[in-house]
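> Sequence:
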Amino acid sequence: MIDFDSDESFYHGIFLSMLYGTQGYSVRSNREAGNGRTDIVLYPNRPKDPAILFELKVRKKFNEMEDGIEEAFTQIRDQKYEEGILDEGYAGVISFGVCFCKKSCIISLMR
1 MIDFDSDESF
11 YHGIFLSMLY
21 GTQGYSVRSN
31 REAGNGRTDI
41 VLYPNRPKDP
51 AILFELKVRK
61 KFNEMEDGIE
71 EAFTQIRDQK
81 YEEGILDEGY
91 AGVISFGVCF
101 CKKSCIISLM
111 R
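Per this note's numbering, the very first residue in the sequence shown carries number 1; after that it's consecutive.
These aren't lab readings, by the way, just hints derived from the structure by calculation.
Predicted model only: the values in this text are computed from it and were never measured.
Each residue gets a CB set at the ideal place from its N, CA and C atoms; glycine is no exception.
Pair by pair, the computed Cβ-Cβ distance ranges are:
1. 62 / 26: 32 to 42 angstroms
2. 63 / 88: 29 to 39 angstroms
3. 62 / 32: 31 to 41 angstroms
4. 111 / 8: 18 to 28 angstroms
5. 61 / 91: 34 to 44 angstroms
6. 7 / 32: 17 to 27 angstroms
Derived pair list, reagent style DMTMM-like, types lysine to aspartate or glutamate, alpha-carbon separation capped at 25 angstroms:
7. 60 / 70
8. 102 / 70
9. 103 / 64
10. 60 / 71
Construct the complete structure from the given sequences, taking the supplied hints into account.
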């Protein structure tokens, strides 16, 4: 059974629609990678270019947004999303944690 979070689904749809049409990439949502399903990945048309991974979280309070970013990073590591994408033959993965709260958004590069 897939857990459905309607708040995250709303932001997911908006963020996904902004990424469609990104030149040189195919946008995929909720695709299996590693031990789970990624939120959004931009797969490069040229495998020598890096894939771009976005893991999305939602918080009800602004002061919890940084925790949302850390949760996204933890999920990327624990579910081995990057390894799953690399196993498909892509040269690298650039991963971002994205956290929404009401009309605000934080995007952080995972290091």
